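Construct all of the structure, not just a fragment, from the sequences and the given hints.
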Amino acid sequence: MAENLNEIKLKIPGITCGNCVKKIKNHLKDKFADSIEQFPDNNELAIDVDLSEKILTIKLKENFDGIGQSIVDSIELLDPVKYKCTFISNQNSNSVTLSRTGSNHSLSKKSIDIVKRKCYLNVSGMTCSSCVATIENRLNTVNGIYEAVVALMACRAEVHYDPAKINPEQIAELIEDMGFNASVINMGPNDSNQQSEIMLDIVGITGPNCWNHIQMTIKDLPGIVTIQSKEDVGKVVINYYADQIGPRKIVDTINELGFSAFPCNADIIKNASDPMLEEIAKWKSSFLFSLIFGIPTIVAMFYFGHFWPSTTMSDMTNDCCVIPGVNWENLILFIFATPVQFYGGRYFYIQAYKALKNGYANMDVLIMLATTIAYIYSVAIVLYFMVTGAKQSPMTFFDTPPMLLVFISLGRWLEHTARHKTSESLSHLMSMQPTEVTLVEVEKRITSNNEISIIMIKSEREISIDLVEKGDYLRVRPGERIPVDGKVIDGNAMVNESLVTGESLPTNKNPGSSLLAGSIVQNGVLIMVATNIGRNTTLSQIVQMVQEAQATKAPIQQLADKVSAFFVPFVVLISIISLVVWLVIGSQFYDLITALNPHFYRNMPRTEVIIQFAFQIALSVLTISCPCALGLATPTAVMVGTGIGALNGILIKGSEALENAQKVTSVIFDKTGTLTVGKPSVTNLRFLCKLSPSPTSRDLIRKIITLIGMTESNSDHPIAISVQNYVRSVLKMGKDSSFGNCENINSESGLGICCYIKSESVDSLISSFDHEQLNDKQFDISIRNVSFGKFLSNDSYGDDFTLDKDWFETKGFKVLIGNRKLMHNHNIHIDDEINEEMVTFESNGETVFLVAINSRIICLLSVADTIKPEAPLVVYTLRKRFGLNVILLTGDNAMSAYSVAKKVGIRRVFAEVLPTHKVEKVRQMQAAGNVVAMVGDGINDSPALAQANIGIAIANGTDVAIEAADVVLIHNNLLDVCATIDLSRKTVRRIRLNFLFAIVYNMVAIPLAAGIFIYFGLVLQPWMGSAAMVFSSLSVVISSLLLRTYRKPSKSQLETIEYFRMIENAQHDSKRTESMASLDQMSLHCADNLTEGYGVRRPSQIKRPIVMRRSSQMDETDDNSLKIRLLKSSKTKEIKNIDMHFVSKL
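All residue numbers for the sequence shown refer to the numbering used here, where the first residue is 41 and numbers rise by one.
Careful: at least some of the hints might be erroneous.
To be verified - Pair ranges (Cβ atoms, derived):
id	residue 1	residue 2	range
1	S777	P262	36 to 46 angstroms
2	R575	K275	13 to 23 angstroms
3	K62	R1025	18 to 28 angstroms
4	E800	L117	49 to 59 angstroms
5	S799	K484	34 to 44 angstroms
6	I338	P609	29 to 39 angstroms
7	T1085	H67	33 to 43 angstroms
What the hints assert, rightly or not - The calculated lysine-lysine pairs, modelled on DSS-like cross-linking and capped at a C-alpha distance of 30 angstroms, are:
id	residue 1	residue 2
8	K51	K63
9	K1026	K62
10	K94	K69
11	K854	K730
12	K158	K65
13	K798	K854
Rather than coming from a laboratory, the hints here were simulated on the basis of the structure.
Here the structure is a predicted model, which is why all the values come from computation and not from measurement.
From the three backbone atoms N, C-alpha and C, an ideal C-beta is built for every residue, glycine too.
As structure tokens, then:
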């Protein structure tokens, strides 16, 4: 019988980050919202995710057969490889039982063997969001394509597809059939088997036999998957497993056959602006051609309008000077208009035709409707007058095509040039990687420290960056950029790493130092080994993240897409209505019409005046309307905003994050590694039991320290690493030396670690120490005061137990290192004296851990971290300048959390919160109506980063691909949190301004073109409408380009007189009292995961929070007495450790 018939659990190994969780939750919300329960506090679907165990728990509204399998099938459709599901029960079996009637139905699933790959394509010819929607909608309906995302500004498409059904070249052909130009630029690796692809140009091919020879040879190489030859263009595409063979081996093999092979595939790091440059060149040529005929058209219009009539006014028949019905004016304008209409406007014709062919209408359709109608109308009316033998020539619109196309092609040229400027930030990042590198062959040896030493360089050669393989040795000279991520093997140099660190001062690099792609060697020569290549370098990850962010659509863009979908049909309808209306009512406004241009309408029949004016109005409506302004409002600003952010060390992963950051109302900070430097060090090791007299006490201490180091060696937590370094320093161990093996290791998140260590393992490790160093007097000195900690023997605690040599005569040791809760869980008592000793350190902001061996507390470790110098300024700016709530949420002890919060100016603190409970706290705040930004280091707070509306992760310098975060700060500077919100606000403000301009323009321009303001003498010619339309699109792009002037707030700009006054007051308060009673108001909230010692009682014992208020008359003595009462009073023995929520005036 199932434990919970309303709940199913799925094991999904592919959910590795918060983005995966969001994707699945949103999908289930769309498909199964009626079948899944909701959390009562925030109305979200009752779906819990344990990222550490990769388990998805779904609570159903009711039990019924088949829903579990339906959910599985639906999730797997998102990504059959990554999101492969396995049912598990509450007992962790391989299947779950669901039933309504009591009969068991074991749910099983067939494995779906589907391979999913990703390709990138350059797409040119897109003008607005309608083009983007057309491509996406068409591709997403093609069998074999899972998802297609198109970026208008980046001229780039990302397509997920099934290689068994379709290939990238076919996808490119589909896009070209829609009227756009497309080419494959990169093949992304397979999600499961990490295949790579290279395209090679091969010189020296003379016939089919050459191709066969190459294919047969390459197929025999290990790791080759497929080979596709393109004989017509002399290229070959090779898929291979990168862990079995590298691209240089493939190229060298082909070269050995007598051919010359060169890589020609554009990787993700290559400059993707070529399509935009092609567009710029295309519209430039179109403009220049149209201008050649446009200028004579203007001259002819001016001449015939001002000089020609004066010589023929006496006789109307003199107007027809060529043949009946055709005068010189119409003949000359026809000659100028025809080449422009059919050659200068050829791009518009092609785009408009293919747009209509694919069932949508864009700006090109409006333009070609206007010019074609004007041209055909003019030709038709002239032919009619010719056939009828009229003695005069009609008024025509032959001037419209040249004038329209001159202005519009000029606008397109300027617009694409401006749009290209919006991607310059990304282009700048792309240009940081060199195209050629120096590969060296070296003779090396391995030193005693397992380090590589270069004996001599045998040879060197220049190769393409595409041919660099992991483990290659490269030479980098002064002035050159580091080609890939790597490690210095030989040489010393000063390297500028401002790309990642944000520090403009160069960094000294010597053997063993890490190198980042894109950094500049200022002096010295380095020999480096490549560790990360291709798309795995830090620079490539930054570029890819920015490109993917620019390809996403902000929520505000959805409105523009909806409007653009029906905008063109709406404009055509308005144009037709305007034509009909003015044909009907034109006679009533005849005097007003002729008064607009009496000279133009001279001697023209009344009916012709009305028809001509009605067509003029209709053409003006077609040419003045501008859906492009609406479509460009968001993507141009997003392109500039994300690019500027990347240059400033702020990686925004999507336009949604860019938009939502300005909505944040509360900012939650983690403590360790976020507000603090994240490099804690041991400050004290204090023994809490008697030690046998010297000289054996030294050996006992050494053994205890050894046990501590062996235990902590099983964890990679920053604090554990600091303890390991501490032990290595004290025991004179090498930095890479091993601590040996432990058994039954159990690391409990938020509590500590425990394990079992055999005595022989301890003795073996101690025997490897340098006893001459440990036994000299220097160890006696260091045992009391090392550089980062001190040892104090104290015999005032505990019972008559004495730690002596006999106590260690046992088979093994069960070691526990952790907080009070860990000791409590293992039934180890903590008396008041030990607790008070812990509080002494905790009140100074230190984190304290107890060390218990074989169920007895032996000593305590205190660890302290340094607060980042910019942290107080960041908190002040967020609170005062941005008006946000700032909260500290940490798993550290309450006293340490309070100490840090007080120093940085945070008023609300939640302490001793487990990682899983951090998610609940974020949910609670969201349920209360807060838009939450969570700032952490992405290590143990990934679930909270994923749950928050905006997850902001502070990278460690190279780890820019923190999956759970929406924003990654690669400079490790807290001031960038303020810059993120500031950039978001300015970008969204610019987007709204663009939208306002586009909407107001169309609301005013269309009625103006429709002739509504004729009473005021305001009527537009078609060419005027086109000029206005060009101005509107160009204005939106230029408006977005103004974001390039953005400079993130500097420290000096944020430091105000009020801030310095606050710092001064805080320092004064710190000197006045260091107690918790210095708070104006202190609210203590209990967490269930806390242990005995001090604080407030468990939730079962407390009906409401305990609130202690300090009286305004309370003096310093009262403060101290309150502190003593909190820590010493017998009444507080029932009080537990605290998860604090402080509200104070610091």
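Each hint tested on the structure:
For the pair S777 and P262, the supplied restraint of 36 to 46 angstroms holds, since their beta-carbon distance comes to about 37 angstroms. Against the hinted window of 13 to 23 angstroms, the Cβ-Cβ separation of R575 and K275 comes to about 21 angstroms, which satisfies the hint. For K62 and R1025, the Cβ-Cβ distance of about 23 angstroms falls inside the hinted range of 18 to 28 angstroms, so the restraint holds. Our hint of 49 to 59 angstroms for E800 and L117 holds, since their Cβ atoms are close to 55 angstroms apart.
Evaluation of the 34 to 44 angstroms hint for S799 and K484 yields a pass: the beta carbon distance comes to about 41 angstroms. Checking the proposed 29 to 39 angstroms range against I338 and P609 shows it holds: the Cβ atoms sit about 33 angstroms from each other. Under the hint 33 to 43 angstroms, the C-beta atoms of T1085 and H67, about 40 angstroms apart, fit the expected range. Restraint check for K51 and K63: the C-alpha separation of about 16 angstroms stays at or below 30 angstroms, so the hint holds.
Restraint check for K1026 and K62: the C-alpha separation of about 27 angstroms stays at or below 30 angstroms, so the hint holds. For the proposed pair K94 and K69, the alpha carbon gap of about 20 angstroms is at most 30 angstroms, so the pair holds. The hinted pair formed by K854 and K730 meets the criterion: a straight-line CA distance of about 20 angstroms does not exceed 30 angstroms. With a C-alpha separation of about 23 angstroms, the suggested pairing of K158 with K65 holds against the 30 angstroms cut-off.
Note on K798 and K854: the hinted pairing holds, with a Cα-Cα distance of about 9 angstroms set against a maximum of 30 angstroms.
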